[in-house]
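Dock chains B and C against chain A, hints included.
Quick note, the sequences are listed as chains A, B and C, same order. Under my numbering, the first residue of the first sequence is numbered 1, with each subsequent residue one higher. Under my numbering, the first residue of the second sequence is numbered 1, with each subsequent residue one higher. Under my numbering, the first residue of the third sequence is numbered 1, with each subsequent residue one higher.
Any given hint could be a false lead.
What the hints assert, rightly or not - Not the full set, but computed from the structure, chain B residues with beta-carbon under 8 Å of chain A:
| id | residue |
| --- | --- |
| 1 | Met297 |
| 2 | Lys298 |
| 3 | Val299 |
| 4 | His322 |
| 5 | Leu324 |
| 6 | Ala325 |
Keep in mind that the hints were calculated from the coordinates and are not lab data. A virtual CB, placed ideally from N, CA and C, is assigned to each residue, including glycine.
Here is what each chain is made of, one letter per residue.
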Amino acid sequence: MTELTKEMFERASEEQRNAEKIRRPSIKYWPDVWRRLKQNKLAMVGLVLIILITVMAIAGPMISGYTYYEQDYSNINVKPNSDFWFGTDELGRDLFTRTWYGARYSLLIGILAAAIDFTVGILYGGIAGVSSRRVDSIMMRIAEVIYSIPYLLVVILMSVVFSSQGSGTSLFVIILAMTITDWVPMAILVRGQVLQLKEAEYSLASESLGADQGWILRKHIIPNTLGPILVNVTLTIPRAIFAEATLGFLGLGLQAPKSSLGSLANDGLAGMAVGLTYQIIFPALLISLIMFSFNVLGDGLRDALDPRLRK
Amino acid sequence: MENILDVKNLQVSFKTFFGEVEAVRDISFTVGKKETVAIVGESGCGKSVTASSIMQLLPMPPAFYKGGQILFKGEDIVKKTEREMQHIRGSKISMVFQDPMTSLNPTMKIGRQIVEGLMKHQHLSKKEANKKAIEMLKLVSVPQPEKRVNQYPHEFSGGMRQRVMIALAMVSNPELLIADEPTTALDVTVQAQILDLMKELQDKLNMSIILITHDLGVVADMSDKVIVMYAGQIVEQGTVNDIFKNPMHPYTIKLLASVPRLNMKRDESLNYIEGTPPDLYIPPKGCAFFDRCDHAMKVCKDYMPDPEYHSKEHYSRCWLNHPLAKDVRREGSVR
Amino acid sequence: MKKYLLKRFVMSIITLWAIVTITFFLMHAIPGNPFAKEGKMPPVVYENLQKKYGLDKPLYQQYLIYLGNLVRGDFGESMKSRVETVNDMIERGFPVSARLGAQALVFALIFGPALGAMAALYQNKMPDYISMIVAIIGISVPSFVMGTFLIQFVAKNVSFLPIGGWGEFKHTILPSFALGLMPLATMARLMRSSMLEVLNQDYIKTAKSKGLTKFAVIMKHAVRNAILPVVSVLGITISNLLVGSFVIEKIFGIPGLGMFFVKSIGNRDYTLIMGTTVFYALILVLMLLLVDITYMLVDPRIRLTEEGH
Chain A
1 MTELTKEMFE RASEEQRNAE KIRRPSIKYW PDVWRRLKQN KLAMVGLVLI ILITVMAIAG
61 PMISGYTYYE QDYSNINVKP NSDFWFGTDE LGRDLFTRTW YGARYSLLIG ILAAAIDFTV
121 GILYGGIAGV SSRRVDSIMM RIAEVIYSIP YLLVVILMSV VFSSQGSGTS LFVIILAMTI
181 TDWVPMAILV RGQVLQLKEA EYSLASESLG ADQGWILRKH IIPNTLGPIL VNVTLTIPRA
241 IFAEATLGFL GLGLQAPKSS LGSLANDGLA GMAVGLTYQI IFPALLISLI MFSFNVLGDG
301 LRDALDPRLR K
Chain B
1 MENILDVKNL QVSFKTFFGE VEAVRDISFT VGKKETVAIV GESGCGKSVT ASSIMQLLPM
61 PPAFYKGGQI LFKGEDIVKK TEREMQHIRG SKISMVFQDP MTSLNPTMKI GRQIVEGLMK
121 HQHLSKKEAN KKAIEMLKLV SVPQPEKRVN QYPHEFSGGM RQRVMIALAM VSNPELLIAD
181 EPTTALDVTV QAQILDLMKE LQDKLNMSII LITHDLGVVA DMSDKVIVMY AGQIVEQGTV
241 NDIFKNPMHP YTIKLLASVP RLNMKRDESL NYIEGTPPDL YIPPKGCAFF DRCDHAMKVC
301 KDYMPDPEYH SKEHYSRCWL NHPLAKDVRR EGSVR
Chain C
1 MKKYLLKRFV MSIITLWAIV TITFFLMHAI PGNPFAKEGK MPPVVYENLQ KKYGLDKPLY
61 QQYLIYLGNL VRGDFGESMK SRVETVNDMI ERGFPVSARL GAQALVFALI FGPALGAMAA
121 LYQNKMPDYI SMIVAIIGIS VPSFVMGTFL IQFVAKNVSF LPIGGWGEFK HTILPSFALG
181 LMPLATMARL MRSSMLEVLN QDYIKTAKSK GLTKFAVIMK HAVRNAILPV VSVLGITISN
241 LLVGSFVIEK IFGIPGLGMF FVKSIGNRDY TLIMGTTVFY ALILVLMLLL VDITYMLVDP
301 RIRLTEEGH
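Here chain A stands alone, though its shape is the one from the complex (with noise of 0.2 Å):
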C-alpha cells in the first residue's frame, strides 16, 4: 500500500463522491427484448423464414412463368425438372406455383385469422375485465362454453354448412370457422391482464408516488400486457395455418383451382397412391416450415419478453 499522507484524510468533495456512484447500466426494455430475441438463433431462422417464405409468397406465383390454374394435358404428373421445378400435377398444372401460390392464402388466412382473434379477444376480455364482477363471470362462462367445443369439429362444421356440396369452401367462411371459437384465449388472457393490472401493486406504487395515468399505462401496463398478447398473435397464426391446412387435406378447404397448402397436400395425397411422392413433399414441407418458423419465433418472443429469464 502506498503511504498515507495527511491530505489523504481531509474530508471528500461532494463531487468525488458522487463520481462514484457507478450504476449497472440501465437497460430499456423493448430494446433489450430485441437483444435477447437476436440472441436466439433458433427465433432469427425463424424471423428469416418467415420473411423469405413471405416474399416467395408475394412473389412465387408470378417467376415461373406458369399460372395457378393453367392445365396443361401434354405435360401430366411431370417430375420436377427445369421447366416445372416442383413438377406438375394429374391435371398438368405447374406445382411451384400452385405451392407458393398455396402459401400465400395459407399466410393470408393465419394472419387474418390473428387479426380478428386479437381484435375480437382483446374487445371481449377488454369488457370482461372492467365490467362489474357479475357481469365479468357471465361473460367469462360464456367462453368457458365456447372454448370447451373442440376448435377444429366447428371449423369443419362452418365449412360444412356454409359450403354448398362440391363447391369448396369460400376464404370468408374459412376465417369465419377460424376464428370463431379461437378468440376466448386472448380473451381470457386480456381479462387477466386488466384485472391483474387493476390490482397490481406495482400500478398502485406509482399512482402513490404521484405518477399520471399515462405515465402508468405507458410504462407499467403497456409493457407488462404487450408481451403476452404479441406471443399469443405469434403462436396463433400458426394455430390457424395448421386449421386451415387440416381442412384443406379434409377435402373442405377453397375451391379448386385455388389452392392452399392443405389441398394441394390432399391432392399430392393421391398422387403418392400412385409413386408420385414429390406431389406432396413441396406443400408438406412448406407447411411444416411455416409452422416451426412461428412457433420457434413466438417461442423466442416469449422468453425475450420475460426479463425473468434475463441472463
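Positioned in the frame of chain A, the structure of chains B and C alone reads:
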C-alpha cells in the same frame, strides 16, 4: 470456546451476462458451540449468499467459490462433493428460510416434509416417521399435531408454517442452524414467538445459530456476536454489547439510528440511510460505503482499511480509526 | 368438493346443450334441401322421406324431438345409409377410434413430460437440445404430413409395419405415433417451462437443505409440482387427439368414427354429421370433467379452496 464453524477469507462470485458479480468479498468469522452469530446488513450485502454458501446451496453455476475456506468442525465445505454435502445438509447443518409461504412444498403433507430428511438419514419406518413428525410439531408448539401432520402447507398460517420449517430443520438435531431472515415475512407479534422458540430450542438442543437478518431488534434479542456486512465485506464485528453500546463504523451507527424506537417523538421522522449500496459487478476499490458516508475522506475512495481491533473481539474497518483521521473525527463528532 | 363437482357437472351439461343446439340449427340453416341433390324423385317418395326424417314439422318441434331422442341415446337415422343407423355406426367406429386415441395419449403421456423434465434438468445442454428438437418437429409437422411420411418412408421399408388398415397391434403403431406426436411435443414444452419454474422455487431449496439426493428432490418435489400444468391441459390435448384422428384415420384407412365423420361430410349425410359431432362433444365434455377431477386429486390446494374453507 470451541469453534464449530470457521470461515476463512471466503469469496463467492456470480457469473452474469454483464460480468462477474462479487457477492462475498473476503470475509472471515467463526461460530462457537452454542453461540448465536448474527449477520446484519441491507439487502444485497451478501449475507444470504454467505448463508447459502455454508450449505453449498447456491446454484452453481452461475455462483462459484472464488477463494477461501469454510471449515465445519475442521472439514472444508468448499471442497466437499455434492454427495458428501447430502450427509451434512439437514443432519449436521440445517437451514430455515425467509419466506415460509413458499418454502414448503405445496403438494406434500406437512408431516412427510418434516421427516423426509430424517427418513433418508436414519431409515425410519412409516409409523416411526409419523410419530417423530408429531413429536416435532409438539416441540415447535403447533396445536393439534396429530391432525396437523396430515395437512398441506396452505392449511397453515404464516407463523405456523415457519414453526413447521423450524421443526423440519431441527428434526435431526443439527449442530448448526442457519436462519436466513426467519422472521422477516411474519407479523411482528408472530416474530417474537418464533424468536423465543428458536432460543428455547437452542438451549434444549445445544446448537449454534447463524442468524441472518436486517432487523437489529431481532439481533439484540438473540445473538452473542454480531457481524455487520456491507457490499460483500464485513465492516464491523463484535459482541452484542460492542455493537449496540459502542459501534465504531459509520455504517453500523447509521443502521442503529434507523431502528424505530418506542420513545420517539411524534413529529420525529424515521431515520434512514440515504442512497443505495454499490453494485458489486464493479466493486469499488476503496471503502464501499464511501458515497453514503457522512465522514468520507479522500483516502476512503481508493483504499480499503484493515480491521482495527477495539477490543479482543471487536473490530471495525474504517479509516476513521486511523490516527491521522483525528481532525475529521472531531469535526464530525461521529462517536 | 361435492358442491364443486355438482357445479362442474351442471356446466358440462350446459356446454353439451350449447353444442347440440348450435349444431342442430347450423345443420338446419343449410340452404336447400338435403334430398334436392338426389335427382328427380317422385313427389310421393320425397314426401315420405320428409316425413321419415321429421322435416315436415316446424323447426322447433324437430329440435325438441331431436333433444328428446338424444336424451334417450338415440342419434337418429343416417340419411345415406339405409342399413345402419347413426348409433350403429358409432358403435362400430368408436371402439376403433377410442383405441387409437388412447394409445396415442399413453404414448404422449409417457414420453412428453419425461422429455420436458429432462430438458429442464439439462437446460442448454445436449438432452435439452435433443428433446426440444423433437418437440419442435412435433408441433411443426401437421399430423397429416407426419402420417404420409411415415407411410412413405417407414411402412414401405419396414415389412412388419403395414401401410394401413386395422386389426392387429402392428396396425396401430404408426397411426398412434403420428397422432400422439403433437400432444407429446406440447406436453414436453409445457413440462420444460413449468419444471424450470419449479426448480427455482424456495421449496426446492428447502428439499435440498434436508440433504435429499438430487434424484429425490427432482422426483418427489420438482416433478410432482411441475406436472400440474400438464394435467390441466389434458382436456385440450384430448380434444386435439379427437380431431387429429379424422386425419389419421383417413390417411391410414382406419375404420374409426373419424372416417365415418369425414365420409359423412363428403356425402352430406346431415344426420350422421350431427350425430357424430354431438357424440364427439359428449366424449369431450366427459373427458374434461374427468381431467378436472384428476386435477383436483393431484393438487391439494384446489381441493380445499373449492370446499370453501
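Hints not upheld, ascending by number:
Those not satisfied: there are none.
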